[in-house]
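Taken in order, these protein sequences are the chains called F and D. If you count by the numbering used here, then the first sequence holds residues 3 to 290, one letter each, in order. If you count by the numbering used here, then the second sequence holds residues 28 to 434, one letter each, in order.
The set of hints was computed from the structure by calculation and includes no laboratory data. Treat the numbers as computed from the prediction; the structure is a model and nothing was measured. Positions of the beta carbon are idealized from the N, C-alpha and C atoms, including for glycine. Some clues are possibly wrong.
As the list claims (entries may be wrong) - One side of the interface only, derived from the structure: several residues of chain F facing chain D at Cβ under 8 Å:
#1 Asn14
#2 Trp15
#3 Ser20
#4 Phe127
#5 Leu284
#6 Asp288
What the hints assert, rightly or not - Here are the simulated DSS-like pairs of lysine-lysine, each with C-alpha atoms no more than 27 Å apart in a straight line:
#7 Lys391(D) / Lys226(D)
#8 Lys37(F) / Lys282(F)
#9 Lys37(F) / Lys159(D)
#10 Lys361(D) / Lys391(D)
#11 Lys37(F) / Lys158(D)
#12 Lys396(D) / Lys226(D)
#13 Lys34(D) / Lys226(D)
#14 Lys282(F) / Lys34(D)
#15 Lys396(D) / Lys304(D)
#16 Lys157(D) / Lys37(F)
#17 Lys271(D) / Lys34(D)
#18 Lys304(D) / Lys391(D)
#19 Lys285(F) / Lys34(D)
#20 Lys395(D) / Lys304(D)
#21 Lys183(D) / Lys158(D)
#22 Lys361(D) / Lys304(D)
#23 Lys24(F) / Lys34(D)
#24 Lys395(D) / Lys226(D)
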Amino acid sequence: MQYLSNMNNEPNWEWEISTSHKWYQLGLRELVHYKDIIVSFYRRELLAAYHQSVIGVSWIVLQPLLTTLFYFLVFNKIVKVSTDNTPPVFFYMSGSILWAYFSDCLSGAMYSFIHNAHIYNKVYFPRLVVPFSMALNHTVRFAIQFGLFLLAYIIFMCVSGRFVMSWQVLLTPLLFMQIMAFALGIGLITSVYVARYRDVEHIMSFLLRLFMFVTPVFYPASIVPEHYRMIFWLNPLTPMIETFRTLFFQTGTLHFAYIAVSAVTSVSVLMAGLVLFRQKELKVMDTI
Amino acid sequence: MPGPVIKVENVSKRYRLGILNSGSLKQDIAAAFRRKGALQDSAIPAANELWALRDINFTINQGEAVGFIGRNGAGKSTLMKILSHITQPTTGNIKGIGRLASLLEVGTGFHPELTGRENIFLNGHILGMKKKEILRKFDEIVDFSGIERFIDTPVKRYSSGMYVRLAFSVAAHLDHDILIVDEALAVGDTDFQIRCLQKMRSVTQQENKTVLFVSHNMQAIRDLCGRLMCLYDGYIIEDGAPAKVIGNYLQREKMQYLSQQFDKPGEAPGNDEVRIKQVSVEAVGKKIIDAETPLTIACEYWQFPDGDSEYMVGVHIYDWSWICVADMHSEGYKRGEGLISAVCTIPAGFLNQGVYYISFDFIKGKDKKVWSFDACLSFEVQQSPGYKGWNGYVRPGFPVNLSFNKS
Chain F
3 MQYLSNMNNE PNWEWEISTS HKWYQLGLRE LVHYKDIIVS FYRRELLAAY
53 HQSVIGVSWI VLQPLLTTLF YFLVFNKIVK VSTDNTPPVF FYMSGSILWA
103 YFSDCLSGAM YSFIHNAHIY NKVYFPRLVV PFSMALNHTV RFAIQFGLFL
153 LAYIIFMCVS GRFVMSWQVL LTPLLFMQIM AFALGIGLIT SVYVARYRDV
203 EHIMSFLLRL FMFVTPVFYP ASIVPEHYRM IFWLNPLTPM IETFRTLFFQ
253 TGTLHFAYIA VSAVTSVSVL MAGLVLFRQK ELKVMDTI
Chain D
28 MPGPVIKVEN VSKRYRLGIL NSGSLKQDIA AAFRRKGALQ DSAIPAANEL
78 WALRDINFTI NQGEAVGFIG RNGAGKSTLM KILSHITQPT TGNIKGIGRL
128 ASLLEVGTGF HPELTGRENI FLNGHILGMK KKEILRKFDE IVDFSGIERF
178 IDTPVKRYSS GMYVRLAFSV AAHLDHDILI VDEALAVGDT DFQIRCLQKM
228 RSVTQQENKT VLFVSHNMQA IRDLCGRLMC LYDGYIIEDG APAKVIGNYL
278 QREKMQYLSQ QFDKPGEAPG NDEVRIKQVS VEAVGKKIID AETPLTIACE
328 YWQFPDGDSE YMVGVHIYDW SWICVADMHS EGYKRGEGLI SAVCTIPAGF
378 LNQGVYYISF DFIKGKDKKV WSFDACLSFE VQQSPGYKGW NGYVRPGFPV
428 NLSFNKS
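Put together the whole structure using the sequences plus the hints.
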């Protein structure tokens with residue numbers, strides 16, 4: 003719905019439904035009007051996800067801990083991959099929570115249409131509400147996991163006396179926003195196609211798995227051969243995860259050029275996602 | 028002076044059937060190649076296209092209650108979806124004033140794991156209410172639904188009746204200027220349906236809101252709406268006073284359902300207490316039905332009694348404008364589970380010529396409606412040969428006696 007300005011000779015129409023709207027009309031102002039529903043959807047996700055589970059919300063904490071333990075056993079004890087002088091537990095934990103944040107945000111947005119088709123088919127509200135509330139859900143999850151990481155980190159520093167954190171750590175929220183922007187962007191783009199062609203769902207879950215292997219989740223970027231290094235760093239997630247580790251453990255240098263490229267990529271992907279989603283949000287419903 | 032609040036101009040809607048049915052990439056790529064060749068003559072409708080709406084134009088003023096009728100597939104639901112902003116028109120545009128809410132279904136977005144209270148908020152938000160609004164009306168909503176005791180129970184533990192009551196209560200308290208209602212009333216028990224209708228009526232008449240109402244229930248639509256539009260094959264073919272539009276609609280459809288039969292109770296219409304086996308209307312001893320023909324109206328049904336309640340079956344005859352001409356019922360009976368056959372005979376010379384509809388009502392105790400099989404039969408009483416036609420609903424042939432006084 004577009005809100006119209008005053009017109010002459012005609013009643014003062016307040017809204018109009020037409021065959022299309024301009025690409026720059028993202029309806030973000032309308033989204034603010036519907037902010038209650040974002041929170042409401044978020045609560046629904048949260049309550050529904052942990053209903054009838056014995057340990058409930060503890061899963062949020064348990065999941066990264068178990069993953070970290072598993073990575074530690076497999077990659078540190080068995081495969082013996084370097085962790086670049088980062089204490090292994092923190093290395094794997096940072097990799098796993100950042101990756102989980104990325105992939106959860108992506109899938110959350112990707113299934114917007116499929117999982118909510120029954121609602122989308124019956125009532126109007128800005129469709130962006132769903133991916134945004136999913137992102138909110140995963141951000142809260144991630145915040146808790148990051149809190150856990152910080153707690154462990156502070157304890158570790160006090161015990162080991164290895165105090166290397168720099169003031170730049172305060173910039174980590176920017177990294178998180180970048181991860182979310184990138185994930186949400188891809189998620190919004192794919193959501194439109196997943197709704198139309200179920201094949202895309204299979205392709206995406208396959209690609210996402212492969213993508214994890216070319217992202218420094220359980221190995222450091224430093225072991226990548228010189229020959230592939232440039233391409234490797236053009237993956238927007240590489241600078242994000244590497245920078246995160248560097249800020250906390252001062253194990254390498256910051257690659258500002260790659261960080262900038264990654265930031266520009268993420269924001270562009272998000273914008274493309276928003277525009278595409280808005281253009282297709284109603285058309286998609288005719289094909290589900 | 029109430030002005031227009033909705034203006035629909037040249038709205039058409041096309042569905043591509045190919046895309047609608049196939050979800051696979053391969054078929055679409057193939058279709059894309061085929062379309063490339065046919066791009067120039069896109070004005071010619073392709074075989075796999077369906078125009079659900081064609082060139083719809085109308086204006087609705089503030090405070091009007093407008094009903095939409097038409098057979099299934101005529102485009103009513105598509106029109107409501109476009110007005111609700113759920114799907115986009117292929118051509119044309121719609122302008123409006125005021126907040127619009129659509130109730131194309133009751134309880135949209137209800138989550139079974141959440142409690143009644145949580146679902147009121149979730150559903151309210153989805154329908155466009157703000158948190159403050161819901162808080163203000165919360166007690167009223169709960170009151171109207173009549174399920175105070177279960178408000179903190181997850182709705183998955185609700186009976187389907189309770190679920191519907193709660194859902195409608197939220198919808199009924201929407202504070203919007205324009206309300207779109209699509210068959211949402213075709214659920215719930217009869218008591219609650221009557222309350223819903225009353226609520227809807229008060230919304231239009233007292234609160235001066237605009238209501239757009241789609242239903243197959245001619246009775247309800249007549250009671251509620253001051254103006255009707257009839258859709259046929261995507262076009263609006265009539266727009267006017269309800270009685271006239273309904274009459275023309277029913278006559279145009281000329282639906283003659285002289286019998287319906289169902290073999291398995293599982294697939295037959297009905298509910299937990301009654302399932303229809305067959306219904307029929309027959310002319311006794313004649314092929315065509317005219318005013319001189321006696322009729323037998325029969326209904327055979329499976330009864331699954333609830334305890335040892337007393338039941339009763341009623342036959343209603345409606346005329347083309349949905350006015351009840353006659354209401355007949357059996358005596359009360361108590362029986363175990365089994366097949367029951369009810370037959371009602373209408374003597375010759377009772378119904379005048381015209382189109383009639385029959386509904387069967389199943390009543391428990393004195394007046395609790397268990398279920399009704401609405402408009403399941405229809406027939407036309409033809410003009411008797413040799414007569415030009417008579418007025419009136421009935422033709423009982425009571426004598427008109429003359430006496431000639433000598434002056």
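Quick rundown of the hints versus the structure:
With a cut of 8 Å, the hint placing asparagine 14(F) at the interface with chain D holds, because the nearest CB-to-CB distance is about 7 Å. Proximity of tryptophan 15(F) to chain D holds as hinted, the smallest CB-CB distance being about 4 Å (cut-off 8 Å). About 4 Å separates the beta-carbon of serine 20(F) from the nearest beta-carbon of chain D, less than 8 Å, and the hint is met. Proximity of phenylalanine 127(F) to chain D holds as hinted, the smallest CB-CB distance being about 6 Å (cut-off 8 Å).
This hint holds: leucine 284(F) has a C-beta 4 Å from the nearest C-beta of chain D, less than the 8 Å allowed. Taken as an interface hint, aspartate 288(F) checks out: its beta carbon lies about 6 Å from the nearest beta carbon of chain D, inside 8 Å. For the proposed pair lysine 391(D) and lysine 226(D), the alpha carbon gap of about 26 Å is at most 27 Å, so the pair holds. Restraint check for lysine 37(F) and lysine 282(F): the C-alpha separation of about 22 Å stays at or below 27 Å, so the hint holds.
Restraint check for lysine 37(F) and lysine 159(D): the C-alpha separation of about 13 Å stays at or below 27 Å, so the hint holds. The suggested pairing of lysine 361(D) with lysine 391(D) holds, with an alpha-carbon distance near 10 Å, which does not exceed 27 Å. As the CA atoms of lysine 37(F) and lysine 158(D) are separated by approximately 10 Å, the hinted pair is consistent with the 27 Å bound. For the proposed pair lysine 396(D) and lysine 226(D), the alpha carbon gap of about 20 Å is at most 27 Å, so the pair holds.
Simply put, lysine 34(D) and lysine 226(D) have alpha-carbon atoms about 26 Å apart, close enough for the 27 Å limit, and the pair holds. As the CA atoms of lysine 282(F) and lysine 34(D) are separated by approximately 25 Å, the hinted pair is consistent with the 27 Å bound. In summary, the hint linking lysine 396(D) to lysine 304(D) is supported, as the alpha carbons are separated by about 19 Å, within the 27 Å threshold. Among the hinted pairs, lysine 157(D) with lysine 37(F) is consistent with the structure: their alpha-carbon atoms are about 9 Å apart, no more than 27 Å.
Straight-line distance between C-alpha atoms of lysine 271(D) and lysine 34(D) comes to about 24 Å, which keeps the hinted pair within the 27 Å bound. Distance hint between lysine 304(D) and lysine 391(D) is fulfilled; the C-alpha atoms sit about 19 Å from each other, no more than 27 Å. Between lysine 285(F) and lysine 34(D) the alpha-carbon distance is near 22 Å, which keeps this suggested pair within the 27 Å criterion. In summary, the hint linking lysine 395(D) to lysine 304(D) is supported, as the alpha carbons are separated by about 22 Å, within the 27 Å threshold.
Among the hinted pairs, lysine 183(D) with lysine 158(D) is consistent with the structure: their alpha-carbon atoms are about 24 Å apart, no more than 27 Å. For the proposed pair lysine 361(D) and lysine 304(D), the alpha carbon gap of about 19 Å is at most 27 Å, so the pair holds. Note on lysine 24(F) and lysine 34(D): the hinted pairing holds, with a Cα-Cα distance of about 22 Å set against a maximum of 27 Å. With a CA separation close to 21 Å, the supplied pair lysine 395(D) and lysine 226(D) stays within the 27 Å bound.
In summary, this structure violates none of the numbered hints.
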